[in-house]
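Top line first, the protein sequences correspond to chains U and D. Using my numbering, you'd call the opening residue of the first sequence number 1 and step up by one each time. Using my numbering, you'd call the opening residue of the second sequence number 1001 and step up by one each time.
Each hint should be verified, as a subset may be incorrect.
[Said to hold, decoys possible] According to the in silico footprint, chain D covers these stretches of chain U (three or more CB under 8 Å from chain D): (1) 21 to 31; (2) 103 to 114; (3) 246 to 256.
[Stated by the list, open to error] The following residues of chain D were derived to be distant from chain U, with all beta-carbon distances above 10 Å: (4) L1007; (5) K1122; (6) S1423.
[Said to hold, decoys possible] For lysine to any residue, the following SDA-like pairs were computed, each having C-alpha atoms within a straight-line distance of at most 20 Å: (7) D:K1448 with U:Q105; (8) D:K1440 with U:W315; (9) D:K1448 with U:R114; (10) D:K1440 with U:W318; (11) U:K322 with D:K1122; (12) D:K1448 with U:R106; (13) U:K37 with D:S1464; (14) U:K322 with D:S1464; (15) D:K1122 with U:L306; (16) D:K1122 with U:L163; (17) D:K1440 with U:R325; (18) D:K1122 with U:L162; (19) D:K1448 with U:P33; (20) D:K1440 with U:Q105; (21) U:K322 with D:H1128; (22) U:K322 with D:K1448; (23) D:K1122 with U:R106; (24) D:K1440 with U:L87; (25) U:K322 with D:K1440; (26) D:K1440 with U:E327; (27) D:K1448 with U:Y317; (28) D:K1122 with U:R325; (29) D:K1122 with U:T316; (30) D:K1122 with U:W318; (31) D:K1448 with U:E108; (32) D:K1122 with U:W111; (33) D:K1440 with U:P107; (34) D:K1122 with U:S299.
To be clear, the hints were calculated from the coordinates, so they are not data collected in a lab. Just so it is clear, CB atoms sit at the ideal spot from N, CA and C, and this is done for glycine as well.
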Amino acid sequence: MDLAVLWFWIVAFLFIGYFVLEGFDFGVGMSLPFLGKDDVARRQIINTIGPVWDLNETWVIVAGACLFAAFPEWYASLFSGFYLPLLLILLALIVRGVSFEYRHQRPEHEWKRRFDRMIIIGSAVPAFLWGVAFANIIQGVPLDADHNYTGNLLTLLNPYGLLGGLTTLVLFFTHGATFVALKTDGVLRRDAQKLATKAGVVTIVVAAGFLLWTVLEHFSVAVLLLAALAAVLLIGSVLANLRGREGIAFTFGAATVAAAVATLFVALFPAVLPSTTDPAFSLTVANASSSQYTLEIMSWTALIFLPLILLYQGWTYWVFRKRVRRESIEAVSDAVAEPAAA
Amino acid sequence: MDLLDPLLLARWQFGLTTIYHFLFVPLTLGMSVTAAVFQTAWLRTGKLKYLHLTRFFGKIFLINFAMGVVTGIVQEFQFGMNWSDYSRFVGDVFGAPLAMEGLLAFFFEATFIGLWIFGWDKLSPRLHLATIWATAIGSILSAYFILAANAFMQNPIAYQLNEERGRAELTNIWELLANPVSLAAFPHTIASAFMFTAGVIIAVAAWHLVRGQHTDTMQTALRYGLWFMLGSAAATVLTGDQLGLVMVDTQPMKMAAAEALFTTACGADASFSIFTIGTPDGTSDLFSVRVPYLLSFLSTHTFDGCVEGLNDLQAQYTELWGPGDYMPIVWITYWAFRWMIGLGMLHALIALVGLWVTRKKAKRLPAKWMWKVAIWSYPLSIMAITVGWIFTEMGRQPWIVFSLMRTEDGVSPGVPAYEVLISLIAFTLIYAILAVVEFKLILRAVHKGPDTTEQVSDDKPTLSSTVY
């Protein structure tokens, strides 16, 4: 087997893992203004991802490092080309990550609300921009003969890119609301179910548009089947939410994200970053990959360690399988009473 | 100096974000080990003071940890964003240790830290203890791979040039991972990270002890911190000496720049200047305190060795690689080298004196000024590690990969200056704000002191976990 092809799929797997996992983190963050009616509820929401957001975020670091090791040209052209969107993603991830940790360090209402806002913005911005970035990767960008990007920020904000961003935004939002329903209890759980159902309907409309556009532009049987699968899973997830079966809804939702991201990678293959300037300038699996030796070393590393990683991360999710109950937060609550107007 | 020069902006950005990132990394390395040690002591002896210390330093560790994670993502993305031609040239070699770091170490660390923070009431005590040791091992392993990647920039080995693709390609992963530079730099970095952590622990303990608070736990913390400092400072000196020998071998220009030695000197002439007042560029001395033979000894471990001077190396390099300026900025390397060594020695001294005046048989309490010095060991240790990295990286210039690629050739050709400027300003602002918030929160946690009410009893067999 051609190792460069294997690595294309390993990179795809890592990004799928990232979006399935951090996708719901982003959604949980974005759901704060809709579901966090008081400080206890907001803490309940944040604590659903407390033990796991860090390991979920690590997926993008590993995906990036593997991209660097296996496809240096792809990594270099992509990261220098998508400069400003990546900068915004980095800034958002910084404020979001520290906000989880800082928010509970002081009891004052104003202090907490400030970090709530940062969590919301820090979740929404990357949820949108990752979609814009991946839609543009599939669509192709202006690359010159040296594979350097020649566009600017506005080049990326084209209709297909924006629709891609909107799709990941609403998809992750739904995914996160479902996760809140799965991991909390009482009123919050019911509110989250309702929100996930409503958001799910919007997602069906937006995602259908984006997937259809993708299928039309990059038609192949595999793309069509995967896109159809994503659509069916999404509808299944919304129906399960409607019936209050959040476990099934979440499983289907995770599978939806996986199928949708897989659709994009299948549509992209064997290119990795197509050039709209001249097809001859495109980066492909063949001309962007590392040497045979490096790919062999990396393959051994990945094949040994990826199963272990899945094992111990799966165990973590098992350890933290219980719902975050309202009483458990109330028991440790130190919040200064909220102002009456709030 | 052109303010809109993408190269200059990208370099400032790399320097700024790297130094900033490395304010949090050493504390993560040292605090995870410290929390693991105290937690082990608690489980072994059942003494509550060890539990209280675990929880107390654990809290400081956590406030610090999130910053280490999020500023680390910037480091990885930055190679592609600002240094795309560098990434293209070295990716085949340099990417492998980075990817291995992610797959072997970083996932491990990130997963087990979550289990430790939130698992107090969900795991058995032994299993829970294992999670903090796993976190510590993961973070130390992670440092190894990063330093192996960095070592390739200092001393490129285990590669061959592929002219057709215009890049370096990996030929032997084991040789790459066993780069003499990383073998020496790894223990040096870990030891100095521990020294930094010890500085924090000593400062915190001293702050409480001088006020007569929490004396029971803080006495223990102080003694632990002082021993930790002494051990790590001694290790830092010894490993630094090793690293110096490797450096003379692999990057003689860096050693010459460390001493601002312009002409080759042997034996007694190869002296080490402790202090110099000279022209700002370090090219001539007005006044200087010198130790004869010391530079010869540091560089070769003999008293009659020769150390090559900057001008001679410049001539050699010009012959090898054509006309150009092959010297780093000498006044920076000269002073950074001195501050690094001086502060390292000062830490060993603080630890020795501290251990003496706080010994059990001591007849009187340490003087007030001693506590003040102890509190100052925190900012001083930050400075020590920062100048150490400034020396290492500035001393590599003008190369991004020594002898293979110049820094100016590594910068992203397609990224306009305004974009780099925007990101430099954004990072500076956000990092500055977060530094203030972070510092205040750590101070707040420190001032609060350990929660000594926590008990483990039969009615309450488990401890509460952190709740965000």
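Now for the hints, and whether the structure bears them out:
1. 21 to 31: violated (count 0)
2. 103 to 114: That given contact holds, which follows from 4 residues of the segment 103 to 114 of chain U lying within Cβ reach (below 8 Å) of chain D.
3. 246 to 256: Our answer is that it is violated, as 0 residues pass the Cβ test (under 8 Å) against chain D, missing three.
4. L1007: Check passes; 14 Å lies beyond 10 Å.
5. K1122: violated, 5 Å
6. S1423: violated, 5 Å
7. D:K1448 with U:Q105: holds, 12 Å
8. D:K1440 with U:W315: violated, 36 Å
9. D:K1448 with U:R114: violated, 23 Å
10. D:K1440 with U:W318: violated, 36 Å
11. U:K322 with D:K1122: holds, 10 Å
12. D:K1448 with U:R106: holds, 12 Å
13. U:K37 with D:S1464: violated, 25 Å
14. U:K322 with D:S1464: OK: U:K322 and D:S1464 at ~15 Å, within 20 Å.
15. D:K1122 with U:L306: Not OK: D:K1122 and U:L306 at ~26 Å, beyond 20 Å, violated.
16. D:K1122 with U:L163: Answer violated: D:K1122 to U:L163 is near 43 Å, above 20 Å.
17. D:K1440 with U:R325: violated, 31 Å
18. D:K1122 with U:L162: violated, 43 Å
19. D:K1448 with U:P33: Not OK: D:K1448 and U:P33 at ~32 Å, beyond 20 Å, violated.
20. D:K1440 with U:Q105: holds, 11 Å
21. U:K322 with D:H1128: Holds, at roughly 18 Å.
22. U:K322 with D:K1448: It is violated: about 32 Å lies between the C-alpha atoms, which goes past 20 Å.
23. D:K1122 with U:R106: violated, 25 Å
24. D:K1440 with U:L87: violated, 27 Å
25. U:K322 with D:K1440: The given pair, whose Cα atoms are some 34 Å apart, is violated under the 20 Å limit.
26. D:K1440 with U:E327: Distance ~31 Å between D:K1440 and U:E327 Cα, so the pair is violated.
27. D:K1448 with U:Y317: Violated, at roughly 33 Å.
28. D:K1122 with U:R325: Holds, at roughly 15 Å.
29. D:K1122 with U:T316: The given pair, whose Cα atoms are some 11 Å apart, holds under the 20 Å limit.
30. D:K1122 with U:W318: Holds, at about 11 Å.
31. D:K1448 with U:E108: holds, 17 Å
32. D:K1122 with U:W111: Status violated; Cα separation ~30 Å.
33. D:K1440 with U:P107: holds, 15 Å
34. D:K1122 with U:S299: Violated: D:K1122 and U:S299 sit about 36 Å apart, past 20 Å.
The structure does not agree with the numbered hints 1, 3, 5, 6, 8, 9, 10, 13, 15, 16, 17, 18, 19, 22, 23, 24, 25, 26, 27, 32, 34 stated previously, though it agrees with the rest.
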